[in-house]
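Hey, can you work out the whole structure from these sequences and the hints?
Number of protein chains: 2
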Amino acid sequence: MKLFLYTVVLNFGIYFQSVCAQSMAEDFKPSSLNQPEKMFPQVNSQRRVRASISAPNANKVQLDLGGVKYDMKKDSNGVWTGESNPQDEGFHYYQLNIDGASVPDPGSLYFYGAGRWGSGIEIPSADQDFFALKNVPHGLVSENIYFSKLTNSFRRCFVYTPDGYNENIKARYPVLYLQHGSFEDETGWSSQGKVNLILDNLIASKKAIPMIIVMDNGYAYKSENNEIKERSKQRESIFEDVLIQEVVPMIDAKFRTIAKRESRAIAGLSMGANQTMRIMMNHLDTFSYYGGFSGTANYPNSDVIDVATFLDGKYKDGNTLNKQIKLFWLGLGTKEPAPFPKSIGAFRNMLEQQGIKYVYYESPETAHEWLTWRRCLNQFASQLFK
Amino acid sequence: MKLFLYTVVLNFGIYFQSVCAQSMAEDFKPSSLNQPEKMFPQVNSQRRVRASISAPNANKVQLDLGGVKYDMKKDSNGVWTGESNPQDEGFHYYQLNIDGASVPDPGSLYFYGAGRWGSGIEIPSADQDFFALKNVPHGLVSENIYFSKLTNSFRRCFVYTPDGYNENIKARYPVLYLQHGSFEDETGWSSQGKVNLILDNLIASKKAIPMIIVMDNGYAYKSENNEIKERSKQRESIFEDVLIQEVVPMIDAKFRTIAKRESRAIAGLSMGANQTMRIMMNHLDTFSYYGGFSGTANYPNSDVIDVATFLDGKYKDGNTLNKQIKLFWLGLGTKEPAPFPKSIGAFRNMLEQQGIKYVYYESPETAHEWLTWRRCLNQFASQLFK
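Same order as they appear, the protein sequences are chains A and B.
Residue numbers are given in my numbering: position 325 of the first sequence equals residue 325, and the series is strictly consecutive.
Residue numbers are given in my numbering: position 35 of the second sequence equals residue 1035, and the series is strictly consecutive.
Treat each hint with caution, since some may be false.
Not close to chain A: a few residues of chain B, all C-beta gaps over 10 Å, as computed [unchecked claim]: (1) Asn1044; (2) Trp1117; (3) Asn1144; (4) Pro1364.
Below are the DMTMM-like pairs computed for lysine to aspartate or glutamate, each with C-alpha atoms no more than 20 Å apart in a straight line [to be verified]: (5) Lys335/A / Glu362/A; (6) Lys1170/B / Glu246/A; (7) Lys1069/B / Glu1083/B; (8) Lys1222/B / Glu37/A; (9) Lys222/A / Glu1037/B; (10) Lys1342/B / Asp1317/B; (11) Lys1060/B / Asp1071/B; (12) Lys1170/B / Glu352/A; (13) Lys260/A / Asp285/A; (14) Lys134/A / Asp1127/B; (15) Lys1254/B / Glu167/A; (16) Lys170/A / Glu1167/B; (17) Lys357/A / Asp306/A; (18) Lys254/A / Asp1064/B; (19) Lys1342/B / Glu1362/B; (20) Lys1260/B / Asp252/A; (21) Lys1357/B / Asp1317/B; (22) Lys1149/B / Asp163/A; (23) Lys323/A / Glu362/A; (24) Lys335/A / Asp306/A; (25) Lys1134/B / Glu246/A; (26) Lys149/A / Asp241/A; (27) Lys260/A / Asp1252/B; (28) Lys170/A / Glu1037/B; (29) Lys1207/B / Asp1129/B; (30) Lys1254/B / Asp285/A; (31) Lys1335/B / Asp1127/B; (32) Lys254/A / Asp1163/B.
What the hints contain is simulated information worked out from the structure, not anything from laboratory work.
Virtual Cβ for every residue (Gly too), placed ideally from N, Cα, C.
Listed below in structure tokens is the structure:
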């Protein structure tokens, strides 16, 4: 019996080792999001991530990626190295854990998401050409600081202006207001979201018309001191007021916009999809295009929607909405976790019951992450203002 | 003897404890450069930095700041905390060291300098009002991506346009080309350099006239693949060619500049001062104002300069230079290390021997760091294009 068990364990050990050895393709390359001259982290053809850090006196070092902590191994020089399981294509936040301290990887560039500035990695995707940096005319992304009377604080939005905006000083442009998700900020779309490269490529290939894109911070509260935004306290958001009363007029004054509803779109991802859907329905005089990426205003509910009460009955009259709304666009990744598929499904059922026209897109093999939203933007932006 | 020694040790212990207790002012406040909602790092009125991080299984954690590694202490919850000696006013790069791993502090925002993206801390300075975020009209800082034929690579510059640039579409503006130092990049001036806030404040108080500021990357090499800039290999820089042949024409085409030498200035810090001084002297047909912050083209040499050979004799004819150059401006921090004071001193001696007019400024109590350069910019920009 003892011998039998030993044999089983030995065989299993050999089998397991063999699978692992075969399964680790040694074609790792530095991530496209590494800091200059940094060789790690790396990604291989199996979409595994290899991290490496010198920590000669550490007891335990882990790669913390996608909700899993992978133990890394120390070599004789005190350098710890380890690999993850295969990841989905696209962008992922991650960190290293050194003896219990969760820290950014000193090899990667840093991104704001998951409520912190920290490491990000890009797993090459088959369709990455649409957000690649190419030799096409490039628009500008401008940091725009403003004082908000409503929040009594300085706020910031980033503004994409397409190539030619500065030179064609008589041209006026339609505007897309584009929002980030929860625990992200106004930097997300122009950094990990690749908004400028996506639009540069779409415009260069004439798949989208030149437009301005405004990306503000979706966290806004009435407060005498809101330099530190205490999101955990669930204060009442006044983002809708800030956007409508302060940001839209500022953008129309500062940039050469076409300042009418037919030339304004609003969209967002996750929390931003929820927020902008409410803003859209409350301000059909301001916007005529809507994009909801991985989110709807019934979140997190998946129950049948009662159109009489949902958003104050804003979806009751489908015929009128079909005349007012030029595009109602929804997107979702095929691998998104609960409650998104069912919640968005319930919302779509409501739209269909009300006879409200909409476009629905599914991003293949992506979850609630940035490749889903880059693809959504790519699809959505190509249908705007036409 | 034993008793005597014991008494001495005991007394010294009490004395030392007492000094330490007195010397640590418990008025620490979160740094202005912390990530949202992060309480550490902190700074007290003595300009000490207190860092804190949870690392329950670590053996040793240190705060690595200003070339000194300060041991931190672990509490019963596994949180390590420690303080630095008093620091100079202004901005400093730093990191944490966890069991031999040098990593960014997860509490701070991140900045590119010292050849890496990493932590920075701001020690409040008595004169910080000049770079404070105030309720004045704000200009925009735009990210401008371009393809350089000379380097065969994508490059990026940031462009500050003053308030009113977008609205006053007939106005044209003078341009300052402003360069970072070694192991920094094109993000430095608009992030830790506070270029936009300094100019916003100067322009709002009518101490400077509205101008465009262009901040490019000072590392440029002829290469078929220079995505990773191998600075260590000392390849020949072609930054001068990139700036003159590619950047200046691009800026004049894309922005509403006054495209003549009387309306162009060039300046830089440290390596950037050295680079831009050479570019200025080689292109007096392009620029008429020069600013050198903590650097001159004889770096690192402190010997008497031979005007016949230095920069190909460009300083030989002081009278002509005095007519051509509208402002030749040099700045230095009073605490700068060797070789800067003597090297810049030797350069000033040469200017004086040649009878070349120049302005010299010293930043009080600052070293080779960003508060020196913010002050230099504040002084220099107020004297431009008048």
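Evaluation of the provided hints:
{"no.": "1", "hint": "Asn1044", "verdict": "holds, 19 Å"}
{"no.": "2", "hint": "Trp1117", "verdict": "violated, 5 Å"}
{"no.": "3", "hint": "Asn1144", "verdict": "violated, 6 Å"}
{"no.": "4", "hint": "Pro1364", "verdict": "holds, 29 Å"}
{"no.": "5", "hint": "Lys335/A / Glu362/A", "verdict": "holds, 10 Å"}
{"no.": "6", "hint": "Lys1170/B / Glu246/A", "verdict": "violated, 26 Å"}
{"no.": "7", "hint": "Lys1069/B / Glu1083/B", "verdict": "holds, 10 Å"}
{"no.": "8", "hint": "Lys1222/B / Glu37/A", "verdict": "holds, 17 Å"}
{"no.": "9", "hint": "Lys222/A / Glu1037/B", "verdict": "holds, 17 Å"}
{"no.": "10", "hint": "Lys1342/B / Asp1317/B", "verdict": "violated, 24 Å"}
{"no.": "11", "hint": "Lys1060/B / Asp1071/B", "verdict": "holds, 7 Å"}
{"no.": "12", "hint": "Lys1170/B / Glu352/A", "verdict": "violated, 51 Å"}
{"no.": "13", "hint": "Lys260/A / Asp285/A", "verdict": "holds, 8 Å"}
{"no.": "14", "hint": "Lys134/A / Asp1127/B", "verdict": "violated, 44 Å"}
{"no.": "15", "hint": "Lys1254/B / Glu167/A", "verdict": "holds, 6 Å"}
{"no.": "16", "hint": "Lys170/A / Glu1167/B", "verdict": "holds, 12 Å"}
{"no.": "17", "hint": "Lys357/A / Asp306/A", "verdict": "holds, 18 Å"}
{"no.": "18", "hint": "Lys254/A / Asp1064/B", "verdict": "violated, 44 Å"}
{"no.": "19", "hint": "Lys1342/B / Glu1362/B", "verdict": "holds, 14 Å"}
{"no.": "20", "hint": "Lys1260/B / Asp252/A", "verdict": "violated, 32 Å"}
{"no.": "21", "hint": "Lys1357/B / Asp1317/B", "verdict": "holds, 12 Å"}
{"no.": "22", "hint": "Lys1149/B / Asp163/A", "verdict": "holds, 19 Å"}
{"no.": "23", "hint": "Lys323/A / Glu362/A", "verdict": "violated, 25 Å"}
{"no.": "24", "hint": "Lys335/A / Asp306/A", "verdict": "violated, 27 Å"}
{"no.": "25", "hint": "Lys1134/B / Glu246/A", "verdict": "holds, 18 Å"}
{"no.": "26", "hint": "Lys149/A / Asp241/A", "verdict": "holds, 11 Å"}
{"no.": "27", "hint": "Lys260/A / Asp1252/B", "verdict": "violated, 32 Å"}
{"no.": "28", "hint": "Lys170/A / Glu1037/B", "verdict": "violated, 43 Å"}
{"no.": "29", "hint": "Lys1207/B / Asp1129/B", "verdict": "holds, 14 Å"}
{"no.": "30", "hint": "Lys1254/B / Asp285/A", "verdict": "violated, 35 Å"}
{"no.": "31", "hint": "Lys1335/B / Asp1127/B", "verdict": "holds, 17 Å"}
{"no.": "32", "hint": "Lys254/A / Asp1163/B", "verdict": "holds, 9 Å"}
When each numbered hint is compared with the structure, violations occur for hints 2, 3, 6, 10, 12, 14, 18, 20, 23, 24, 27, 28, 30.
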